[in-house]
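So the chains spell out like this:
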Amino acid sequence: MSLFLPYFILVPLLGYLLSSFANRRAEGFISWTAMLTAGLNLFGIMALGALWVSGGFQDYHYNGPVIYSSEDTVFAIDIFFDGTTAVFAFVASLLTLLDTIFSRYYIHREMGFKRYFNSIQLFYLGILLILFSGNLEALFVGWEIIGITSFFLIAFYRHRYLPVKNALKVVSFYRVADIFLLLGIWICHHYFHKSIHFNELQLAWEQGTPLITAQPYTLLIPLIFLGVALVKSAQWPFSSWLPRAMEGPTSSSAIFYGSLSVHIGVFLLLRTYPLWGDNWTFKALVIASGVLTSLFATFTARVQSSVKTQIAYSSIAQIGVMFVEVALGWHKLALLHFASNAFLRTYQLLVSPSVLSYLIHDQFFNFIPPQHNFADNLWGKIRMSVYVMSIKEWRMDTGMYQWFWKPLKWVGNKVAALGFRGAMYLFVPLYLVGLYFVYHKGAVPMRAIGVLPEAMSIAALSLVLMAFVERGDARRAWTLIVMNQLFVSLAVGFNEQFDFGQIHLFLSGIVASAVVGYAVLNYLQKQGEAIDLGKFHGHSYEHPKLVIVFLLASLSLAGFPITPTFIGEDLLLSHIHENQIVLTVTTALGFIVGGLAIFRIYGRIFLGPHEKGYHEVAYRSS
Amino acid sequence: MGNMSSTFNKHKVLHDLAHHLPSQTPLKDFIHHNTLHAFQHLPFYEAIIQAGRIFGYNVTFNVHEYRSLHKVGRIRDEVLDMVIRKRKGEAALATWRENCLVKQYTPTYDPRIGKLRANWKRHYHLDLDNLIQPLLFRIVGSYLDQGIAIWQFPFEERGLLNAVREVERNSFASFFRTKRVRQMLFDEKLTLEKMLDRLVGDPRLYGQYLFDQQFGHKGWSGMMAAIEANPHSILYQKKVQLYDFIHLELLMEIDNLDAELGTDWLPLAKKVDGLEPLDLFAPVPGTELQEVKKIWQDAFEWSYYDEVLSGLRQARLAQKSSKAVPDRRSFQAILCLDEREGSLRRHLESLDSDCETLGCPGFFGVEFFFHPWGGKFYEKLCPITVTPKYLIKEKEAGVKHADELLYTKDSHKFFRGVLASLSLGLWSAIKLLLQLAKPEKNQAAKDAFAHMSMDAELVIEHEGQQENGLQVGFTIVEMADRVEGLLRGIGMVQDFAPLVYVVAHGSSSANNPHHGAYDCGACSGRPGSVNARVFAFMANHIEVRKLLKDRGLEIPFDTIFIGALHDTSAEEMAFYDDKNLYPDTAVLHEKNKAVFENALDLNAKERSRRFASIDVHQDIHKVREAIRQRSVSYFEPRPELGHSTNALCFVGHRNLTKRLFLDRRAFMNSYDYRTDPDGQRLLGVLRPIPPVCGGINLEYYFSRVDNQKLGAGAKLPHNVMGLVGVANSSDGDLRTGLPKQMVEAHDPMRLLVMVEHEPAVVLRTIQAEPTLYEWFANGWVHLVAIHPTNHSFHYFENGQFAPYEPLNVQVPTSDDIHGLIENAPEMKSNYIVHATKENLPVHIIKNPN
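Residue numbers (this note's numbering), protein chains in the order written: chain A, 1 to 622; chain B, 1 to 849.
Any given hint might turn out to be false.
Unchecked claim - For the chain A half of the interface with chain B, some residues (derived, Cβ under 8 Å), not all of them:
#1 Gln207
#2 Pro210
#3 His331
#4 Pro370
#5 Phe374
#6 Lys381
Derived by calculation from the structure, the hints in this document are not laboratory data. C-beta atoms are modelled at their ideal positions from N, C-alpha and C, and glycine is treated no differently.
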């Protein structure tokens, strides 16, 4: 039966490809492809589920194609099916099917009809990759696909300001989660000296073998995964991205943020449970986090005057409860809770525009003015403070900026004082020297070689921070990012286990995408278009084809899975030792900021309001 | 606002702001109006060009779009020449043709608004809007919220500012980032001027600064101003003042500047050298591009108008002998003048050649508040400009509304949320599945027929009762006045049929916050069912008839008026009070009902040609069912197309238009010059036309040409805010105007009002009231008088009527309107040429009966 597993990935992959090559006005073909994809898979999952039940709940496992292997790393797309997969995949397929039927009518005649369905198809592929993944690497691929489709769908109305701004905001959260996941993979590699396979984890758990025994890994490894789950499931203190992600058509918000995407944190916890199922310290932490989130989110939901935000926070509160359920080991309950919550919130979001006529009608006949029995005492003041804080979403939205991005920007601005030329004069020679030494390591004093990786990595981080705060010519920022990538490979090159093949794999992706991206920007500039990063330009309005080219270059440069850069990124990371804290932190930060800086360039140049005098221009506040 | 003087006049600026901000009230009622009403004192082109320059609005198609329309023949060549000749003279024809057709222009986007406040970003690298707007909108949204939040904003009776003060006084947490500004909040003596002094520092700039600031989020500001002007537009009463909102925003600006820059930042006028005030409302210098666009727009409009006038003439000439009027009409139907009812009237007439249809504003001249049984509020059922003194009450109706667990707010609470999310989930999946498979009526959808219980009794006759300053019901005299007024206005003074149907309209739709915009504009955006019933009751009243007979208006004893409601989206109809008819009448009524049924079928089919999801060729009953399903489908953003494509308004006898196929584009108000030779009733007939029909037309015009700033954008991402409006995002501004799905097929052209009477009489009539005259004089609607005896056309321009001779292009004749509909092109996308291609040209109907 295991041989049948790739079907679940191949069907959506085929669907996505078919849909990509369709005429953009062929609404019937595009929507039928999407419906068939989800429908076929739903059928398959139900069939497999039935077999799985009749087969005595025996999990299925399929060893997928090996994408890269060396003596110490194997990167394979393995497929795994168990009860958790069954429930999640069933809900995902059913909801996708219902949602595509809904959207067939709902999105009709929208200029981005094809774009919408393509994104849904890609999303569906991504989520199935996650749900069926047999190892962390495969999961990561799906994870990134979901991240990027999220960006597409949030910024679906790409010529308005807020969708683009919020898409970037959500991606900034996601990017943190992605890199944490990468770190999770990295640390597991170091600890287990091989890729983690979920079926092996499951087996070990059933046999009662403790998986992690050494300090501080017992706590560190699960903590990293918890961090990832918190961000992806919009738990405290990362909740504020969820309501802001609801910028696309209601039907996409319903399926993404109402149900599927946002529950992935729960899935990750279920999958990694064998790593921490016997660790009560950590379990207490998960429970505390769940309870805390439920509390904050419930209060926030209570004061919301916008209907989608209210649903978002209600959903977050329930996911908090699911975290608790998972930690307590009540996994069947958690699965039921997930399925039920996903259906309910999808439904509520889909019909959310009805709230106006429903509640006004209700109010017309049943209105009683709310009683504010405010008590002028300590309790009253506490209540009022909770009200104010809930309106402010417990400062979660501003907090992330204030405590994470603003300091980074501050550093970036300090570095940027060098000026672009200054940076070139400084970093290019530095790089060349570094390059020489990396091939002639013998010429470097032993003492220096210990700090060189860190030094190079800090240089890389500086470059990327500079790119991040660049407000002028986009080509400069682009160049800085490319240089950052070069420095990253150099930094890793100085670590003793040195494999030219891997670095070259990484660089092959970088160089190609660097050249293409630069050429696109250059072309735009030659056409007389503005390419500064001080504001959004919305060039996709006049250059719809160019966007796709630049997007591909950007994704490749940012290390999107399946481009050589990504595999390289994963491999480079694996050469960092777990005790090289500075190197780990700077490299991870560099990946986070670098990805975001690339998205920022893409957003500023191609998305946002297109302000030329021959068509309408959206308000900035919309 | 005019000139910005050196001193700052707070009251004037606040007044000007409120005047220019969108006046759309909370969405539960939707009143169409001229989106640029603040500029209505100016001639149309001057006004839109100025508004465009000030606020960055797109006010016409762009040159490329006009050229595309010209290329596909929707703008006719000879009309283009005619317009150029008229505007520029014969000599310049070639030059301007060249300009219009080929010359390249590079338009710029450079609105005057926002330039002053942009200095914060330019000189301090601070994006104040990003820092302030999310929280500000959240506070004001929570304050105005009518019932989405479970925990409501406290102290709402004190006004926004005082409520925030009270909250801050009693809370450890604060909306403000700095202590200093929090203290400023409590300072009751703090004036607008003081805050502006801190922020701007030059009184000459204050007015401009406030305009910049408030137009940065004109949705919320407009909502504050609109509720302040109409406090009863919200049910949950709160004290609402635009001033409070501005005060709060200025405080938050200072607060954020303090928090980001410390306390010693300089006001804009000190920080930026040579900052001079910009007069937002200064005249806009003319450009060649503007002239080209004016020519194109005129040519676009006249390409259609000329076709209509030619059609009118040719239809009259083709009418060799008018068909003999039957001894007695089989029935008469008075419908709303709404252009959507035009096709239903055509179908009724084609099915029963002995019937007669008439049109008038859909509140049927009876103005009142309505109190549904069990309701806690009143609903206004007449044009928005009228303030009724009467109340109609519903007696003893059944249950209005059953709760639906999935919609209650319980699932957002914690414990009930756990229960709900564990238990309701599967139920919602099943519900969704069912609704996708077979959409049916449900509690959350808006049902036009539910506005009034079908079988409830109404208190219509006054019996001495007063309620909240309103008179319950009408006296006999008041009833007679209204019946007489309406019947004489539409020229219905003799030859009454045994049955007269008074057909109101409403629209059902699901998942549609803009549902009010589909209902009857003459009933304040509600279904007109109560009005139809009330009017029928009055006209049937024996005492009323006696009185009318004394006044020379005799309604035969056996004539019965029956109220009805036509659902323009579900294409269904209900008749009221038709249970106790005389047996003979009942037989006739049954026969007529069958005619209405068939007419609804045909109407459904005619409408279905614009819906891609319906195959217009299939069995007509299937088409009708598919049309009905649209009105209850959650996934259908276009339950109907509303007033899309409206362009004309006829005031005259139906004979004028009976032989024309106008593709549901004409408002039709019945009026008979023969019964009103001096035009005494004409003023009453014309008065509501510009604000109601012109308002609808201009709202569609502006929402179409600038769907982003003047319309609401695509409705797909809309998020309902506080039950008062919709926004795009959780942090977005309220969106006013109409969503794209309502206007995509609309041809943005002004309304052409055609009145069948002598030009002199029409001129005298419109001059009687300055507010009415302004609409025509400034060209916000076009006016043509059709001479009743010599049938010549007279176009109103520059204060007088001048003869207009149609270019006399042959209008196609068709004896198969259904074939025409079935074979009409379908729009491929909402790109201009595709979108308007399916608007069919005028046809002469060969055999109307």
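Results for each hint:
1. Taken as an interface hint, Gln207 of chain A does not check out: its beta carbon lies about 32 Å from the nearest beta carbon of chain B, beyond 8 Å.
2. Annotation: interface hint on Pro210 of chain A violated; nearest CB of chain B at approximately 33 Å, more than 8 Å.
3. Of the supplied interface hints, the one on His331 of chain A is violated, with its beta-carbon coming no nearer than about 15 Å to a beta-carbon of chain B, more than 8 Å.
4. Taking 8 Å as the C-beta cut-off, the interface hint given for Pro370 of chain A holds, the closest approach to chain B being about 5 Å.
5. At its closest, the beta carbon of Phe374 of chain A sits 6 Å from a beta carbon of chain B; the interface hint therefore holds under the 8 Å criterion.
6. Checking Lys381 of chain A against chain B by beta carbon gives a least distance of about 6 Å; that is within 8 Å, so the hint holds.
In the structure shown, a violation is registered for the earlier hints numbered 1, 2 and 3, in ascending order.
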